[in-house]
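There are 2 protein chains.
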Amino acid sequence: MPLHGQNIIGKSTCGKGSDTFRAVDPSTSQALETDFHNATQAEKDQVLALADQAFANRPKDPARTVELLNRCADEIEEVGDELIERCTAETALPAPRLQGERARTCNQLRLFARLVEEGSWIDARIDTAIPDRTPLPKPDMRRMLTPIGPVLVFGASNFPLAFSVAGGDTASAFAAGCPVIVKARPAHPGTSELVGQAVQKAATAAGMPEGWFAMLHGPGRTTGTYLAKHPVVKAVGFTGSLSGGRALFDLATSRPDPIPVYAEMGSINPVFLMPEALAERAEQIADGFYQSVTLGVGQFCTNPGLVVAIDNEHLEKFVAVLCQHVKQMVPATMLLATILDSYEQGVQSLSKAGGVEVAAQARQAPDRDKTQCAAAVFVTDAEKLLDDRSLSHEVFGPSTLIVRCRNTNQMLEVARHLEGQLTATVHATQDELDRCGELLATLETKAGRLLFGGFPTGLEVCASTHHGGPYPATTDGRSTSVGTGAIERFTRAVCYQDFPQNLLPPQLRDDNPTGIWRLVDGQRTK
Amino acid sequence: MPLHGQNIIGKSTCGKGSDTFRAVDPSTSQALETDFHNATQAEKDQVLALADQAFANRPKDPARTVELLNRCADEIEEVGDELIERCTAETALPAPRLQGERARTCNQLRLFARLVEEGSWIDARIDTAIPDRTPLPKPDMRRMLTPIGPVLVFGASNFPLAFSVAGGDTASAFAAGCPVIVKARPAHPGTSELVGQAVQKAATAAGMPEGWFAMLHGPGRTTGTYLAKHPVVKAVGFTGSLSGGRALFDLATSRPDPIPVYAEMGSINPVFLMPEALAERAEQIADGFYQSVTLGVGQFCTNPGLVVAIDNEHLEKFVAVLCQHVKQMVPATMLLATILDSYEQGVQSLSKAGGVEVAAQARQAPDRDKTQCAAAVFVTDAEKLLDDRSLSHEVFGPSTLIVRCRNTNQMLEVARHLEGQLTATVHATQDELDRCGELLATLETKAGRLLFGGFPTGLEVCASTHHGGPYPATTDGRSTSVGTGAIERFTRAVCYQDFPQNLLPPQLRDDNPTGIWRLVDGQRTK
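In the order they appear, the protein sequences are chains H and Z.
For the first sequence, our numbering begins at 1 and goes up steadily by one.
For the second sequence, our numbering begins at 1 and goes up steadily by one.
I should point out that these hints are in silico values taken from the structure, not numbers from a laboratory.
Values in this document were obtained by computation on a predicted structure and should not be read as measured data.
Please note that the accuracy of each hint is not assured.
A pair counts as met if it fits within one copy or between any two copies, since identical chains are not told apart.
Lysine to aspartate or glutamate pairs mimicking EDC-like chemistry, simulated, CA-CA at most 20 Å apart [said to hold, decoys possible]: (1) 526 - 438; (2) 317 - 287; (3) 60 - 438; (4) 229 - 419.
Chain H extracted, bound-state conformation (with noise of 0.2 Å):
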């Protein structure tokens, strides 16, 4: 079926608007088919208006929820291979790899479909009423998490399933109990469309009330900036650039009435390799870097954008490794020509640093019209990192800067002078373990996950996962956007004193209708 190329707006499409662009395909540079309809103020301010709508006629019933989410799942899965096909058009990211990230869009909606249902991440708390307590007789209160209110999602590129439409931040206001409003990446719009056509049947099929998803093309600057300021939405999801999401965080939190902004804005990813570890694996940590550093063209958040470790002859040995990979490897194309532009100034940038070697790029030219890159490796001076903030600065793309320490240190004060990082990973022996006590206690104050050994691409997705980090990984590292902890993120707490049974929402009723853990006067039960 062709693409419509039009705005989502509940039941509806509509494209009134004559402003429209196409996608491009990175690995030609040629323009895709279909005109796509950026949305008009009046398009913009009926997704508003139903969004409103939507949220005052909620559904009460998580079973709802449930069901739209497990759809969702469902027709994304049915959109087949069309969906691989436009999708690698537009992003020339592999077939195998959006394979893989298709499924975990899937499984993630499955997976809040099923906290749902289960039900006991409301929170519930309740403490019963004491009539005859002196001074003061002890009122009857029951809280629980209620949603928050339309939310607006900004997809990532470098996730055009996984962190876009239906991605974890759609889902995760969905299983809140929030109507979405998606901003659709510029960058792959016929994903969108075929994704935000699969929501729209799986809400429509759940019965959800009309205007409890949208999805709006159009310009961030504008289109973006509008809907955030509105006062209908009540949070705000990103994922993408360190200035995109600041600035959305800045207008944000200036409005009359500030809301949440989670921004997920990306990270360099330290790694620390200690000097036994090194000793023992130098070759095989470099083989296991260099995949984790070139995977996806290096476009993930959790890319490892630096090591370091102690300047001897087994670190040398690991960037003689690496660099060989390196040198050898293939140019590859990236998401976006404006992509690829920010990564070369990135890599012109480190080039021209004083004090920072070229140690190795990729020996085969990169082919512009191609949008590809040639991967780097970076060495320098702990020094000189530690004297110039502009170093630390992520560069994203499959590029690294290695960090020379005269000692632990030396390491240790590297990892004090980093700003907020999405992950920290150390490599370390068995007997090193004891010696790095301080080192993890200061990561564990920059970073929201911590690795022992391995590499921070390749992110789980369950309970336990902690997707932030302090600012500027996040705008908000209080807060996960991977993993069903970022539920909470679309909440707000209610308590209900004294309410009649039948007024209490089900989950707080004293028969426990719903079956979910509570904390009962103190006790945790069930």
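Once you've looked at the hints, dock chain Z against the given chain H.
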């Protein structure tokens, strides 16, 4: 023992500055003894450096936190009558009220001690590894909440004990494992010093790192601003005015690294009186309402400043009874001359607003030298309220505005018009309940605590408490400032991937040595 008038910096006291001030007894407008030294730049910087260092050396054993919290309560009780006497002199709040508030303060410190002792609040989640999973092995992932870092607390003037130096914010920040810097309210510096000394002793006795607690004197606009902007400070707790809270929020969110600000700023706490309830019990409700609106000279953030009801003879009866009480009320001393000024401005502004009648004012003239105010009752029509947003602004003190509606639809319209509130109350008969669904659903989106019957003042402190609400009630409606849920404000999650058992926090180890409730592979176990 005479007051020292100095700043509390870890185990020391320091008052090197020549900029001093005195407390004023609002009931006489006379200055009280002791010059208090505003913190110098060097003192502020010393406090920040110590807090940073203290957090880096934070004790990992929760037993230390438990001891700190319990000892704080013990030491505050140990101060004895001197605390109540000084506090009465500084605030004009009567001794029985302050004795009750001291009990609440100590109870909430001990409540948090029990929470930390029990330990499950850290929300531990464990997903164990599946090394042979295909296509990729599943790593071992474990997650828990950890302290966010040094917290800056601004005490409230209306709760000189329960929401000041060792109040709710300090208790919850300590409980979360964070060092605390208190910017003392200039309104009650002697009370602050006495409580600050108690906390200082408790911190020393509990063996906390030097600088775990500090208390500085100084103006909010300079000292407070400097501290809130400083990179060492990772979160802010504030209770006070909308303008003060918003200013803090704006500067904290515009930091290079934005931090969370939990400002609880006030509310008009609407009370909806449904017609049958009013027909049955107009006089009884008016009696209770009068007690609530004048409690503590109306100086509660939960003070009911708005009544919404249908215009009929039963409302007339309610207004008549309320006005009779108010007219006979003896003028009472407010906390501060500036609070009295604001109150008088608010009352003036309502008196002059078109379409608003002054239904009653206390007959006896207040004495300005005694910082006295006169309670007031205003009446207006729903149309007028809907038309003039300024009528919904908080007037902090014993004043309330009664809104006459034509019918229940108009009552609903008023509910929809409201801004964010800490509380909303509905009085209805059993028969009326079924017809209140839409009203309750609307109020649920507006307020953090919904009361069925009763009055919003007199908040129960327990696990189910939610004292928070959408802006402008607070700057973060997701969160509560009262009750054990407040501990979450000062935390962030950290995930440990593939960590060896001995490097994991005890709460996340396989054998669960702390015996807490955890979510292990999707099952809640202990």
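Check: What are the numbers of the hints that this structure violates, sorted from low to high?
Finding: 1
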